[in-house]
Amino acid sequence: MEMRAAYAECLAKFMEEDRHVVVLDADLAKASGTRKLYERFPEQMFDCGVAEQDMASIAAGLSSYGFKPWIESFTPFATRRICDQIAISISYAKQNVKIVGTDPGISAELNGGTHMSMEDIGVVRSIPGVVIFEPVDETQLRAAMPVLNDYYGPVYMRLFRKVTPDVFGEGYRFDLFKADTLREGKDLTIFVSGMFTRDVIDVADELAAEGLDVEVVNVHTIKPIDRETVIASARKTGAVLTVENHNIVGGLHSAVCEALALERIPVSALGVADRFGEVGKIPYLREAMGLTKEDIRAAAKKAAAAK
Amino acid sequence: MNNDLRAICKDIRCDIMTCIGHLGVGHIGGCLSIVELLAVLYYEEMNIDPANPKMEGRDRFVCSKGHAGPAVYATLANRGYFPKSELLTLNRGGTHLPSHCDMNLTTGIDMTTGSLGQGFSCAVGVALGSKLEKDGATIFALVGDGESQEGQVWEAAMFAASKKLDNLVGFTDYNKLQIDDTVAKVNDIAPLCDKWAAFGWNVIDVVDGNDVDEVLAAVRKAKSFRGSGKPTMVILNTVKGKGVKWIEELGAGNHNTNISEEQAEAAIREIRGED
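Protein sequence lines correspond, in order, to chains A and B.
Quick note on numbering: my numbering labels position 170 of the first sequence as 170, and the sequence is numbered without any gaps.
Quick note on numbering: my numbering labels position 232 of the second sequence as 232, and the sequence is numbered without any gaps.
Since the hints were made in silico from the structure, they are not lab data.
The model shown is predicted, which means the values in this text are computed figures rather than measured ones.
Please note that a few of the clues may not be correct.
Stated by the list, open to error - Taking lysine-lysine pairs in the BS3-like style, the calculated list, with each CA pair at most 27 Å apart, reads:
no., chain 1, residue 1, chain 2, residue 2
1, B, K134, A, K36
2, A, K13, B, K54
3, A, K13, B, K163
4, A, K30, B, K163
5, A, K94, B, K134
6, B, K163, A, K36
7, A, K94, B, K54
Stated by the list, open to error - Partial list, computed: chain A residues near chain B (C-beta under 7 Å):
no., residue
8, D47
9, C48
10, A51
11, S57
12, I58
13, L62
14, K236
Cβ atoms here follow ideal geometry from the backbone N, Cα and C, with glycine treated the same way.
Bound-form chain B, shown alone (with noise of 0.2 Å):
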């Protein structure tokens, strides 16, 4: 590992507390989680250059559960694909940072999500067009845990199996709570292994989604998959609002949530180990 990826995520964590602090209302809960996953795509595992975003052959990373569009901004500012500055703008009348996901507001972003269950498969559709392009890109696809209660997630995943979209790498926000209650209170998704690799796909569970070494693991496994014939799916078991304990706490209620700017300075002081 070339760079600091714990310091990188307390990075994003931060800003993430940032721009919702300043709006005062967001998607914290599954910004959060991600987070991880987010700092060893970006920083160490993508074919990508902030420079020129719209690189021919680059990697891709669709984040099907658009509502944490501000952890991916945050990520993208950090990796200089905007200014920082440009994250106080959020959710702000004009702003090129929304919501949800936008391709065609957000440089960096690569696929409008927000609508649940499509963008995967809409990142089944990107996987299938770089393998009929040769590009040798890696298309990466994160789903959540409550989003994958949509059918179009599973009729995306018997299809990118059927064709043998090996190029795929999707991950699953496995947080195990969503907007109403528990995910297994709700409509439970498990054994989503089982489930994963019944619709013919390599899986890779990892334990613990929050830590950054077993997740660059799990990716670089998942990228050795290329040639099996199979598109893999990474189980991340996650903490829904990591890293601020008020916010892990709320539980389902955290997934989006009122916050002041003293709670946000409160929590990045807590991110920064200086409480």
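Extracted from the complex, chain A is given alone in its bound form (with noise of 0.2 Å):
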């Protein structure tokens, strides 16, 4: 299933066990999947048109009235466009509003450089307050969803909003605030959010025929990192690699030298190298920009021949 449908399937549910839920959009609720459930919830769905920022406030103001408000857009639009408004109207005012970016990264694939959010991460990862998570498949994300739901405070979620490929499994058991070790390893540990962990872990598995042996960590939650997690894994392998769609400036390999600042441990990163994005779909995007299953092979050889 799509990731959007999965999600708006919860946000259904959170609706039709609370009238307090609502759902905001700025005229993409056709892209987060949730058009449709507008018939259904008259009193719980809102559009409010081409302008992020007047729903940024009024999911501000409606959490101010007791409500639970999600807003939805476009990364670029649901972060930078709206920095100021998730900052003092959100953050500050200490409100309870979910902030939904879809299609991070190159997932934004025709949309192009102007929709294509390399820096959404750094810009909410730099305000104190929100949470920053970053859901890898549907199993993940269906066990974070009423999470968040009861989570009281802001947390911008990353959405990649089509199918992606299975990383978890039943009997998953997740937590907002501890990240997932996929695979133990002694050589190298990879950390990796978003769209490529399952690359990953089929890199780690094929070094592993190589005789290098990968520790995989899901960083699913960016922001506030786990850092107990990353730093024992740091000190058992000796070396880290970050794996992410996003600029390797303030994302998760920022995220992560910042939990290492006192480790002694080299840190290499694999990301979009403080650049813009561009047209295109995912494969081109990928050679575009060095973020090939080839190009994390060679990254993680590089990183575990650091120490």
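Relying on the hints, combine the two individually framed chains into one complex.
Okay, here's the thing in structure tokens:
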């Protein structure tokens, strides 16, 4: 199932159970997968039109009245466009607003550079009080949604909206503030968030055959980062690589480096190398930005050799 | 009118001068211009209870021009939300009375404001919330005239009209001045009444927004528009720095200005009519 369909199913359940759960759009309900819910929940769904700043502050006002608003847009418009509204109307004012950005990074594909957020995590990460969560598959998303809905306070969810390869299976236990170790190893830790997670696991399996024992940790919550898991894993393996669909500046790499600042452990990076996006399909964009599976494999070998 | 609103306005003005004078600097002009509105709302028209500041279904006031915090605090203190002595802590480290309104710090403040334009959108969200709760509250929201240059104000205006939020009453403190110069010279917002009407709002133009009788009549008229299916904007033609001659004469310079305690004391005598 597409991630947005699973996401919309979860929202529908929340709205059914609690009339105070409301969803606000800025003319991208169709993209977010929630358009068809408007007929079912006319008193809980509001389209603000192409006015993201208004949407964010209206949500804050609704929160102050006891509602639990979710706001949705594409990642650049859900973050950099409304940076001040997230900071002041929502987080500074301690309002309970969930911010959902779809099509992160290169997954914006044909919308190109203007819609391709490489900096959204960096923008939001520097605002105090906002949790940043990026699910990797449908299982994790479905496990996380009720936790996010019940959590009081601002959360930014970076949502890949199409079908993703499975990472987690039955029996997965989700903890919003604990990173998930997907594979244990002793030579190198790869901390990965978002859409490249499945590839990183596969690369780790391949490298095992070559004698390189890679630990893979999915950092689904980038802020607050699970320092305990990050530091313990880095100390165990002695070498780190971060892999992300985001600018290396300000995203997962920065967060991991901050956690490991006092550790004498090399931290290598694979991500968007401080550049803007461009138009194209995902395979082309991965080539253009050096983010293919081959690039991950090469970066892992180099990172392991750095210790 | 049960209360002596003119006397109340004098008390509020004097307390504004006292707390800003005690500190030595502050947003004096835009505080003094809105005193009549605050007196009318907090003493006559709002369904509130200072003993129960979080009362369910209460009317709410959002001061989107958040820098007028000291005027709101002076009103709240006079109305009994907290001791007047607290006014002297304005902007001191650790105070509950920061320069700009903060709902998490100050008893009686319902919305955090200060980044201009945002408070007005928040008020629209509050009005929508009240409609959904069907609690009958009226939401009052004040924007500055300079603030009305923010695009977000007009985004909020569209949405409020589109959603027929006739429980929302907006006010514009149209004192015609902003930090850098007159509003007309910087980036003119005129014709303001036409703009709000074009955005689908009822509009009430108050010729003298510092005449308490005119303001009271306008607020009552605005409340009577509930059921019209349209939000209402009350344009208050005011004087920035109203009540103290030298501050009025500073013009655009009175937005955020230095003031000594002696100047503040003299201003209080002028407001009291003792000079």
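Hint by hint, here is what the structure shows:
1. K134(B) - K36(A): holds (26 Å)
2. K13(A) - K54(B): With a Cα-Cα distance of about 30 Å, the restraint between K13(A) and K54(B) is violated, given a limit of 27 Å.
3. K13(A) - K163(B): Holds: K13(A) and K163(B) sit about 25 Å apart, inside 27 Å.
4. K30(A) - K163(B): Judged against 27 Å, a Cα distance of about 21 Å means the pair holds.
5. K94(A) - K134(B): holds (25 Å)
6. K163(B) - K36(A): OK: K163(B) and K36(A) at ~20 Å, within 27 Å.
7. K94(A) - K54(B): holds (17 Å)
8. D47: Because about 9 Å separates D47(A) from the closest Cβ in chain B, which is outside the 7 Å limit, the hint is violated.
9. C48: Because about 6 Å separates C48(A) from the closest Cβ in chain B, which is inside the 7 Å limit, the hint holds.
10. A51: holds (4 Å)
11. S57: holds (3 Å)
12. I58: It holds, given that the least Cβ distance between I58(A) and chain B is near 4 Å, below 7 Å.
13. L62: holds (4 Å)
14. K236: Cβ of K236(A) sits 42 Å from chain B, so the hint is violated.
Going down the numbered hints, you'll see the structure goes against 2, 8 and 14, while the others check out.
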